[in-house]
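These protein sequences, in sequence, are chains A and B.
For the first sequence, the residue numbers in the numbering used here are 57 to 794.
For the second sequence, the residue numbers in the numbering used here are 91 to 287.
I should point out that these hints are in silico values taken from the structure, not numbers from a laboratory.
Virtual Cβ for every residue (Gly too), placed ideally from N, Cα, C.
Some clues are possibly wrong.
What the hints assert, rightly or not - Across the chosen pairs, the derived CB separations fall in these ranges:
1. I239(B) <-> L551(A): 52 to 58 Å
2. N201(B) <-> L551(A): 19 to 25 Å
3. G627(A) <-> A233(B): 24 to 30 Å
4. T661(A) <-> E171(B): 33 to 39 Å
5. G172(B) <-> E441(A): 55 to 61 Å
6. M184(B) <-> A478(A): 32 to 38 Å
Said to hold, decoys possible - Keeping only pairs whose Cα atoms sit at most 27 Å apart, straight-line, the calculated BS3-like set for lysine-lysine is:
7. K72(A) <-> K236(B)
8. K116(B) <-> K323(A)
9. K58(A) <-> K479(A)
10. K682(A) <-> K211(B)
11. K116(B) <-> K84(A)
12. K785(A) <-> K72(A)
Stated by the list, open to error - Going by beta-carbon spacing under 10 Å, a handful of chain A positions derived as facing chain B:
13. D79
14. E229
15. T334
16. S683
17. P730
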Amino acid sequence: MKFDTPAGQNPIDRLKVVGQPTDRIDGKYKTTGTAPYAYERHDVTPSQAYGYVLGAGIAKGGIRGMDTSIARTAPGVLAIVTTLETPRMERGTMNTAYLFGGDQVQHYHQAIAVVVAETFEQARAASFLITVDYTPETGKFDLAAEAKSAKPVKGDSGEGSGGNGEERVGDFEGAFAKAQVTFDEIYATADESHAMMEPHATVAAWEGDKVTLWTSNQMITWAHESMAKILGIPKANVRIDSPYVGGGFGGKLFVRADAVLAALGAKAAGRPVKVALTRPLIANNTTHRPATIQRVRIGATKDGTITAIAHESTSGNLPDGDPETAVSQTKLLYAGANRLTAMKLALLDLPEGNAMRAPGEAPGLMVLEVAMDEMAEKLGIDPVEFRVRNDTQVDPHAPDRRFSHRDLVGCLKLGADRFGWAKRNAKPGSLRDGQWLVGVGVASAFRNNMVMKSGARVRLDEQGTVTVETDMTDIGTGTYTIIAQTAAEMMGVPLDKVVVRLGDSDFPASAGSGGQWGANSSTSGVYAACVKLREAVAQRLGINSADAVFEDGQVRSGNRGVPLGEAAQGGLTVEDTIEFGELSKTYQQSTFGAHFVEVGVDVHTAEIRVRRMLAVCAAGRILNPKSARSQVIGGMTMGVGAALMEELAVDTKRGFFANHDLAGYEVPVHADIPHQDVIFLDEVDPISSPMKAKGVGELGICGVSAAVANAVYNATGIRVREYPLTLDKFLDRMPDAA
Amino acid sequence: MVGASATAALAAVPSAAGAAPVSIDKPVLTKVSLTVNGQRRDLELDTRTSLLDAAREHLHLTGSKKGCDHGQCGACTMIVEGRRINSCLTLAVMHQGAEITTIEGIGQPENLHPMQAAFIKHDGYQCGYCTPGQICSGVAVLAEIKAGIPSHVTADLNATLQVTEAEIRERMSGNICRCGAYSNIVEAMTEVAGRPV
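So here's chain A without its partners, still in its complex pose:
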């Protein structure tokens, strides 16, 4: 099905199942520990051996030799595959760093060997017996130092944000020089780790020249192509299966060393092999959100109309790597006649920087929305009002292009009302509650709505059960449930008459889970397949499909009603793919929100506690308010982490992230997060898809860190422009506790 005109009335609009806050259909498996994750697939293939990955102990240089002779004699060892014996393997379609092979080390903890043994304990012990002779080289690890030599670069997050090295509208410099009120500051954001709870893991089994990989991956189609390319075998000889993914956040968009080394280890051992990356490997072996240095300049009239806005960002990456597209949202979020956005990239020898939840917008809005707060204060205008005053209904870079639907103002106003914003004390550092200085902050949320081609197969059986198969993944996003809701709505059956099977490369290729495109795109693919199934059912029953009503497990036409299953004599299976036409180009499709946060800052210790959080979101039709709300609060939680604690600490001498585990890399825990409120504006976006939905999975993290930072400023009167806002950065400036 080609989607190239705005959606009209369709069966989804009935909203009997879609749009309802249904409990997750996979809930009973997840809560009982019976949902199978990759490393647990004891059922799929017998006599699995254990692989243990050895990571490089230097950040850059060569490997002159590896002595595995003792390790090979260790008890239980079945095989050892080293990088020196393996020519450098092709990269996956999306990888920047090589995953394995050759004598060059590109980054710390790059995989250099896998030891396969009968047990995990034996594989681990034997890996310690390998000695490596390195020839280290000097590398570049310090973004601040390398920023001076950074070059302008175009870049694309692959998730809806990006741009050229420099983009301009009007004359920024001229307008900024003439502006009545100006603002110019520099900020820094930290390297961050996805830190998903399930480590990257794969079971690999060869049957002749064909390999099956039971793995944990967000994008089955990419994984399928990449593994064929890396292993140098046809795609038809690779199967990927990933029905449950224990979190990804971008860290499992691309295949990693676990998949490659499970495949190589299994080949060498002549047995199925399972490999999980140990937690301490993950930060340096895999990818991370790159740190940025950003400059924002805003010029405005005295009444708060922006006349000039510039956002520049510098980040670092390995050769061939992309920049963090932190300036992209600034092209679309606020009006202003004269504009400049620019990105620079410094070459660093740190591990690969790549997509992490809302790449671009997360660090970009962390900065832009603090700058907006600072400018509002400079203007003496309420920060909600300043944002409202500079709303735009068109793409400021192409004023003929309207937003398909944009209600940022509605989010800000409703949020302000519900949060009690009017009670805010505009003078910072002036509200005290016992030992706490109390402040509130606001920020806009913004993220583009991407639509991606997505396929599904639907099968109807004689009992009237509908089975949906697609290689779409559920990474905690609620995919199983919203796909079941979509099929149930389309076919007029209750939820328990729908079976959803995901994550297998033998199923039709889907949009996959990334860039908050998954829910809207994959359910649209299921919608398309169900339209086809409805036609097939009507044809079999001799009913005009336009007259057919699918309801209560029946197909009705006029006075005639037939149980749905009757159309399925001998089975009925159809397949279709939704493809999106020009609407995503004709219109700017984006999602919007407003974050409101209240914090307390301890007057003595400067400890920051988040006390209240509210997000108001405008993201088209919400397919399941319960799971969508969870996506948003999850983003808000990760945004609190980015604001207050998350930072991969760079050892700029040895070139690695030093705090590479979950004790050193701090993420929010229960005690850090208060009750969170989310309000969805009641809206539909027929230009986006037949579901009239948009992405919402990453909107929650967009802007929330700035709202936290703005609240800390409102509480203390101290502006910190270097994330995360750890107390060492402002304790000495705290107001007198008395």
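Given the structure of chain A, go ahead and fit chain B onto it with the hints provided.
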């Protein structure tokens, strides 16, 4: 250089992690009997096997998760002799004769424990990987509060302990949920504790 030691003597081969020298002797196997979810299980295990790996790899009870293997995330939480522990941080052979409850013993898909049902109702999970640990901890936390065991946030040690949100958040903070379902988990636990959500 880090880990570079081609000439190091065998007796003192440093581990990749910089730990003590390792031996290449045959693994030491020991018999151990555990009572897991009410069933006696007899195992012969490498003494290096963690309680978590004994469950996941030997008993194929994979509900307990390995998130970090370092006692940092709580995904492996089990209830051992009535107390919740990080099962990755303890060796199986240290638990001869112990009563162990894993998530599989808390409830099953068609026979859910109230805590499991409340997690589903309040969407107290997303990816599901930390969930068994959260639920085992959640069940144990309510029992700890009932037993009058104080926490860091307990203000009055003489008063009867209440299942407040502050108590829940404090006691659950060893169980990381990267998807960020904390707000919903607190609501699920509050409901199970019989307090208005």
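Exercise. Of the hints given before, which are not true for this structure?
Worked result: Per hint list: 1, 3, 6, 7, 9, 11, 12, 14 violated.
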